[in-house]
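**Student:** Chains as they are written, first to last, in the working numbering: chain B, 18 to 128; chain Y, 16 to 128.
Calculated from the structure, these hints are not laboratory results.
Hints should not be assumed to be uniformly reliable.
[As the list claims (entries may be wrong)] Among chain Y residues calculated to face chain B with C-beta under 10 Å, some are:
id: 1; residue: 17
id: 2; residue: 19
id: 3; residue: 27
id: 4; residue: 52
id: 5; residue: 58
id: 6; residue: 107
id: 7; residue: 110
id: 8; residue: 115
id: 9; residue: 118
id: 10; residue: 119
id: 11; residue: 124
[Claimed, not checked] Lysine to aspartate or glutamate pairs mimicking DMTMM-like chemistry, simulated, CA-CA at most 25 Å apart:
id: 12; chain 1: B; residue 1: 54; chain 2: Y; residue 2: 45
id: 13; chain 1: B; residue 1: 54; chain 2: Y; residue 2: 53
id: 14; chain 1: B; residue 1: 58; chain 2: Y; residue 2: 45
id: 15; chain 1: B; residue 1: 58; chain 2: Y; residue 2: 121
id: 16; chain 1: B; residue 1: 20; chain 2: Y; residue 2: 84
id: 17; chain 1: B; residue 1: 20; chain 2: Y; residue 2: 53
id: 18; chain 1: B; residue 1: 58; chain 2: B; residue 2: 86
id: 19; chain 1: B; residue 1: 58; chain 2: Y; residue 2: 74
id: 20; chain 1: B; residue 1: 54; chain 2: Y; residue 2: 74
id: 21; chain 1: Y; residue 1: 72; chain 2: B; residue 2: 18
[To be verified] Just the calculated beta-carbon pair ranges, DEER-fashion:
id: 22; chain 1: Y; residue 1: 67; chain 2: B; residue 2: 97; range: 13 to 21 Å
id: 23; chain 1: Y; residue 1: 128; chain 2: B; residue 2: 83; range: 45 to 53 Å
id: 24; chain 1: B; residue 1: 101; chain 2: Y; residue 2: 24; range: 16 to 24 Å
id: 25; chain 1: Y; residue 1: 82; chain 2: B; residue 2: 72; range: 36 to 44 Å
id: 26; chain 1: Y; residue 1: 68; chain 2: B; residue 2: 46; range: 18 to 26 Å
Glycine included, each C-beta is placed from N, C-alpha and C at the ideal position.
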Amino acid sequence: EDKVVQSPLSLVVHEGDTVTLNCSYEVTNFRSLLWYKQEKKAPTFLFMLTSSGIEKKSGRLSSILDKKELFSILNITATQTGDSAVYLCAVDDNYGQNFVFGPGTRLSVLP
Amino acid sequence: DGGITQSPKYLFRKEGQNVTLSCEQNLNHDAMYWYRQDPGQGLRLIYYSQIVNDFQKGDIAEGYSVSREKKESFPLTVTSAQKNPTAFYLCASSWGFGTGELFFGEGSRLTVL
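Pulled out of the complex, with its shape left as it was, chain B reads as follows (with noise of 0.2 Å):
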């Protein structure tokens, strides 16, 4: 059965450090892996990767991927409280026809 994982489930922080967010996946017919942010309703899509070993990076946050050990990290760097919000990793499992979704870790920022 596809599986994705992500650890830690919850993780509270304060103001200015630096988290990495675990995914982990055991998919049929692996295409990408998604990261999103979802703070009340719609998540909002921050990375898309395909290749193992480069990264994406977009201000503080930064992603990279390994086909190899089938895990990708979600770095956040000096965090701010509105990085909280609960991100969601997700595999493209089959050409678009299945994204399968981890739980999503839960990040508090506290002030």
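Got chain B; can you put chain Y on it based on the hints?
**Tutor:** Frame of chain B; chain Y shown alone:
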């Protein structure tokens, strides 16, 4: 502005009633999806459609039905056969066939009393 519109945002229904959640997109996307989100769980796929007049069951399709008569629209009906329908429902779309990310609507929260 392009996007995905879901309605209603909040819905209360009595047990045994069917309800239909609307999802409309003006992104010209081919593929559309319905996900269910429960507290502490990831999104689970209910149905998806890659083209008009065609749709496939996801992991938790029992008790749900969909139609895809137009490219822009993918309504979801929660039937009385769904044993635990209270949840947050998210509609999404993409260019299809693995060519890009999912774009999400704002969601519909259904509470069955």
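**Student:** Evaluate the given range 18 to 26 Å for the C-beta pair formed by residue 68 (chain Y) and residue 46 (chain B).
**Tutor:** holds (25 Å)
**Student:** Has the given pair, residue 72 (chain Y) with residue 18 (chain B), been kept, meaning a C-alpha gap of at most 25 Å?
**Tutor:** holds (16 Å)
**Student:** Can the hint on residue 110 (chain Y) be confirmed by a CB-to-CB distance to chain B that is less than 10 Å?
**Tutor:** Check passed: Cβ of residue 110 (chain Y) comes within 8 Å of chain B, closer than 10 Å.
**Student:** For the hint on residue 118 (chain Y), does the least C-beta distance to chain B fall short of 10 Å?
**Tutor:** holds (7 Å)
**Student:** Taking 25 Å as the top limit, are the C-alpha atoms of residue 58 (chain B) and residue 74 (chain Y) close enough?
**Tutor:** holds (22 Å)
**Student:** Need the status of pair residue 58 (chain B), residue 86 (chain B): alpha-carbon distance at most 25 Å?
**Tutor:** violated (32 Å)
**Student:** Just to be sure I understand the hint, the distance between the Cβ atoms of residue 82 (chain Y) and residue 72 (chain B) should be within 36 to 44 Å; is that true here?
**Tutor:** holds (42 Å)
**Student:** Against chain B, is residue 119 (chain Y) within 10 Å by beta-carbon distance?
**Tutor:** holds (4 Å)
**Student:** Is the gap between the beta carbons of residue 101 (chain B) and residue 24 (chain Y) within 16 to 24 Å?
**Tutor:** Given range 16 to 24 Å: holds, Cβ gap about 22 Å.
**Student:** Please check whether residue 17 (chain Y) passes as an interface residue: C-beta within 10 Å of a C-beta belonging to chain B.
**Tutor:** violated (14 Å)
**Student:** How about residue 115 (chain Y): closest beta carbon in chain B under 10 Å, or not?
**Tutor:** holds (7 Å)
**Student:** Within a Cα-Cα threshold of 25 Å, do residue 54 (chain B) and residue 53 (chain Y) meet the stated pairing?
**Tutor:** holds (16 Å)
In summary, the structure is inconsistent with hints 1, 3, 16, 18 and 22 from the numbered list given earlier, while agreeing with the others.
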